[in-house]
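There are 2 protein chains.
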Amino acid sequence: MSRKWLIKNGTFAVLDQERPVIQGYMLVEGDTITYIGEERPEGVEGAESFDGKGLLFLPGLINTHGHAAMSLLRGYGDDMVLQTWLEEKMWPMEAKFTAEDVRAGTALSVLEMLKGGTTTFLDMYDHMDEVAKVAQESGIRAVLMRGAIGLCPPEVQDQKLNEAIAFARNWQGQADGRITTMLSPHAPYTCPPEFIQKFVQAAHDLDLPMHTHMSETRAEVEQNVKDYGVRPVQHLLNLGMFSRPTLLAHAVHLTDEELDILAAHQVTVSHNPGSNLKLASGVARVPEMLKKGIVVSLGTDGPASNNNLDMLEEVRLAALIHKGVSGDPTAVPALEALKMGTEYGARSVFLPETGKLAAGMKADFIALNTEQAHFVPKTDYVSHAVYSAGSGDVEHVWVNGKQIVKNRACLTLDEERIRYEAQEAFDGLLTR
Amino acid sequence: MSRKWLIKNGTFAVLDQERPVIQGYMLVEGDTITYIGEERPEGVEGAESFDGKGLLFLPGLINTHGHAAMSLLRGYGDDMVLQTWLEEKMWPMEAKFTAEDVRAGTALSVLEMLKGGTTTFLDMYDHMDEVAKVAQESGIRAVLMRGAIGLCPPEVQDQKLNEAIAFARNWQGQADGRITTMLSPHAPYTCPPEFIQKFVQAAHDLDLPMHTHMSETRAEVEQNVKDYGVRPVQHLLNLGMFSRPTLLAHAVHLTDEELDILAAHQVTVSHNPGSNLKLASGVARVPEMLKKGIVVSLGTDGPASNNNLDMLEEVRLAALIHKGVSGDPTAVPALEALKMGTEYGARSVFLPETGKLAAGMKADFIALNTEQAHFVPKTDYVSHAVYSAGSGDVEHVWVNGKQIVKNRACLTLDEERIRYEAQEAFDGLLTR
Numbered sequence: 001m002s003r004k005w006l007i008k009n010g011t012f013a014v015l016d017q018e019r020p021v022i023q024g025y026m027l028v029e030g031d032t033i034t035y036i037g038e039e040r041p042e043g044v045e046g047a048e049s050f051d052g053k054g055l056l057f058l059p060g061l062i063n064t065h066g067h068a069a070m071s072l073l074r075g076y077g078d079d080m081v082l083q084t085w086l087e088e089k090m091w092p093m094e095a096k097f098t099a100e101d102v103r104a105g106t107a108l109s110v111l112e113m114l115k116g117g118t119t120t121f122l123d124m125y126d127h128m129d130e131v132a133k134v135a136q137e138s139g140i141r142a143v144l145m146r147g148a149i150g151l152c153p154p155e156v157q158d159q160k161l162n163e164a165i166a167f168a169r170n171w172q173g174q175a176d177g178r179i180t181t182m183l184s185p186h187a188p189y190t191c192p193p194e195f196i197q198k199f200v201q202a203a204h205d206l207d208l209p210m211h212t213h214m215s216e217t218r219a220e221v222e223q224n225v226k227d228y229g230v231r232p233v234q235h236l237l238n239l240g241m242f243s244r245p246t247l248l249a250h251a252v253h254l255t256d257e258e259l260d261i262l263a264a265h266q267v268t269v270s271h272n273p274g275s276n277l278k279l280a281s282g283v284a285r286v287p288e289m290l291k292k293g294i295v296v297s298l299g300t301d302g303p304a305s306n307n308n309l310d311m312l313e314e315v316r317l318a319a320l321i322h323k324g325v326s327g328d329p330t331a332v333p334a335l336e337a338l339k340m341g342t343e344y345g346a347r348s349v350f351l352p353e354t355g356k357l358a359a360g361m362k363a364d365f366i367a368l369n370t371e372q373a374h375f376v377p378k379t380d381y382v383s384h385a386v387y388s389a390g391s392g393d394v395e396h397v398w399v400n401g402k403q404i405v406k407n408r409a410c411l412t413l414d415e416e417r418i419r420y421e422a423q424e425a426f427d428g429l430l431t432r
Numbered sequence: 001m002s003r004k005w006l007i008k009n010g011t012f013a014v015l016d017q018e019r020p021v022i023q024g025y026m027l028v029e030g031d032t033i034t035y036i037g038e039e040r041p042e043g044v045e046g047a048e049s050f051d052g053k054g055l056l057f058l059p060g061l062i063n064t065h066g067h068a069a070m071s072l073l074r075g076y077g078d079d080m081v082l083q084t085w086l087e088e089k090m091w092p093m094e095a096k097f098t099a100e101d102v103r104a105g106t107a108l109s110v111l112e113m114l115k116g117g118t119t120t121f122l123d124m125y126d127h128m129d130e131v132a133k134v135a136q137e138s139g140i141r142a143v144l145m146r147g148a149i150g151l152c153p154p155e156v157q158d159q160k161l162n163e164a165i166a167f168a169r170n171w172q173g174q175a176d177g178r179i180t181t182m183l184s185p186h187a188p189y190t191c192p193p194e195f196i197q198k199f200v201q202a203a204h205d206l207d208l209p210m211h212t213h214m215s216e217t218r219a220e221v222e223q224n225v226k227d228y229g230v231r232p233v234q235h236l237l238n239l240g241m242f243s244r245p246t247l248l249a250h251a252v253h254l255t256d257e258e259l260d261i262l263a264a265h266q267v268t269v270s271h272n273p274g275s276n277l278k279l280a281s282g283v284a285r286v287p288e289m290l291k292k293g294i295v296v297s298l299g300t301d302g303p304a305s306n307n308n309l310d311m312l313e314e315v316r317l318a319a320l321i322h323k324g325v326s327g328d329p330t331a332v333p334a335l336e337a338l339k340m341g342t343e344y345g346a347r348s349v350f351l352p353e354t355g356k357l358a359a360g361m362k363a364d365f366i367a368l369n370t371e372q373a374h375f376v377p378k379t380d381y382v383s384h385a386v387y388s389a390g391s392g393d394v395e396h397v398w399v400n401g402k403q404i405v406k407n408r409a410c411l412t413l414d415e416e417r418i419r420y421e422a423q424e425a426f427d428g429l430l431t432r
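Residue numbers (the numbering used here), protein chains in the order written: chain V, 1 to 432; chain W, 1 to 432.
Don't take each hint at face value.
Copies of the same chain look alike in the list, so a pair counts if it works inside one copy or between any two.
Straight-line distance between alpha carbons at most 25 Å, and here's what the computed PhoX-like set of lysine-lysine pairs gives [what the hints assert, rightly or not]: (1) Lys226 <-> Lys291; (2) Lys8 <-> Lys292; (3) Lys96 <-> Lys378; (4) Lys402 <-> Lys133.
The set of hints was computed from the structure by calculation and includes no laboratory data.
Next comes chain V alone, as it looks inside the complex (with noise of 0.2 Å):
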């Protein structure tokens, strides 16, 4: 019989655009949640009563972009010009990680990603299997991909094509479920058009949606058109990748016609805010996607372009940078910003049953400490949680009905030997 416990006293973030917040109570048996309401439910007698007094429920946010194990090159470069930080920097100390660093480091995002309130991420990378045990053992719910670069000779590109398969195949379901794959040509600019095919067809033989890097420079747009006649979106569109559910990461250099191409085919994106503007990117039209009905969610892209993995920042960047850039202080309201962390990012990734606060979703949630000068008065608790709060708020975390954080502790991880672990082997990357 599955565990059964009824949270009182809460206030719970429903994100119902006429009543986005309830006080009340939340029932969850199992991995479920099985009640929200305001009234007592019925048939609750054996159940664990927990206090939710001082406490804001939200869904676990949900982190649709990134590369986990590059927090090893946290702040190893930073404020550089794109190419000069990706030569001198970021690849050669990549090309050196072996599986162990993948481990160590993924180990190391997954922590803070959890303690910041994020209860699923996507992470697509090499050494996937480590990525996967780390979120199997972790307790945190994954989205896992093997990105492959195609800028290599023909064997070492089926080989990257088999290895990407069969990791997709072995993983998908596993974890009690918490674990689901997709296949992940790494973009266009990276990845000739057979390469791409054959990844398009190895998601319809697997029946398993699709992740790519999209548009997030200028130069890798106006490169796309100069090699194939045509922009990326109708580029990936002729190679057959709408064909998949896809999911595009950044797509910031959009037109029109682009915008309507991905709202026609259902195409959804991972819009990357802190990433686009650390490193220069440019601005992506959030607001046209949206209202083209176009599903955005937000990541927060490798560690190292960042720096961090806090989706609340994220959500804020998202409420903030648009109504800046746009000169319309109504663009991306804060429930808008709010949905795009959590219920848009769960179906940005495909996984419909998380994201939200609703009988019937997985019990993905996270409680934010409102005893605090910046939740105060309580006007908003919508507005608070994007305007306001910071990942230091987050004082539990529970993926699939089971708690993980604690009074901002760990309970999955040993936090002190992964902090060791993640400096030596950044300490190891710089002497080999």
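Since the structure of chain V is provided, determine the placement of chain W on it from the hints.
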């Protein structure tokens, strides 16, 4: 004899270009830092000792523009067009503010600021005696002024001017020198020219600096040209304001010529990135200001338009948005952003003895807890402070040599009572 104590094993952000961070010792005697360096200083036999292991010491953050009492209106109207927000939400409520409301709101804000690592704040508001008393009791350093709107009959103007003068005279140098004062006509668009000139005269008489809002929105600049035939910088220059040391808040919409005038007169600027984005005012030309040698600092503005008082967030925003908007990833590097929040903050509010960890400076500093995932690996602690840290990382805060926050709790203020009284004050405003 003043207390003498030595921090050992510390990591100190001295923020020198060549060597921004050092490991070692810092000696504090009374209200002053008397030594900082890698070697253990001489003659410290009698000093108490403090273990700095695992802590990153930064100069205290300096919030150079705000209206603390407006925390009572946090979340009371967001994502609205500026004029509607002001006319329907802010002004009707502010008109009801009593001295007690200002005390309650200011205490709430000072509590939030101290816990978030702000050691000095500037405040421009009404009922300023209450603000000064909160500053006095809490132990924070404060730069205070009665902000005067001149859209009223001459006798009311005179009364406000006299209040501003009396306040500035009474409180200058109070609270062991922690309180200094300025003179502050609210803005060119809310003050007739002669009213501003009277403030300039008073500033000369009392030998005090001046502060005002300027060029926050495009509309107010256009109105200035229409009313007075010149843009706001020339207007204030004509009125004699820049004959006094002057700090301008916002300064979003400036021409090259205006930047040159500000640089020539050593006018300082409080950049308010969070507020400017949220109210969709635009993005100030900070990289150009810094290039011209203008001292640019950071402010939160009032909590109703931010909606928190998190200066680490303003530092990060300053480092991020100018890259994204300019397309230059080297714009406002981390070190420069952190100086804007500390050293340049001190200079912009004319307190050059604060804002830096160096011998001879006032002992206003904070310690971040670096034993957390997002501070790993130990690559670049300036980068980590700017791009990774959050206000939840602030472990200890000292002002004028005295510890004010210890293990994330405020030693000088009754946190629970302050939150309760602020809520009561807000509830009262709703029913009056």
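To see whether the hints hold, each was checked on the structure:
1. Lys226 <-> Lys291: Classified as neither; 30 Å inside a copy, 37 Å across copies.
2. Lys8 <-> Lys292: neither (39 Å within a copy, 58 Å between copies)
3. Lys96 <-> Lys378: Between. Shortest inter-copy distance 19 Å satisfies the 25 Å Cα cut-off; intra-copy 51 Å does not.
4. Lys402 <-> Lys133: within (18 Å within a copy, 48 Å between copies)
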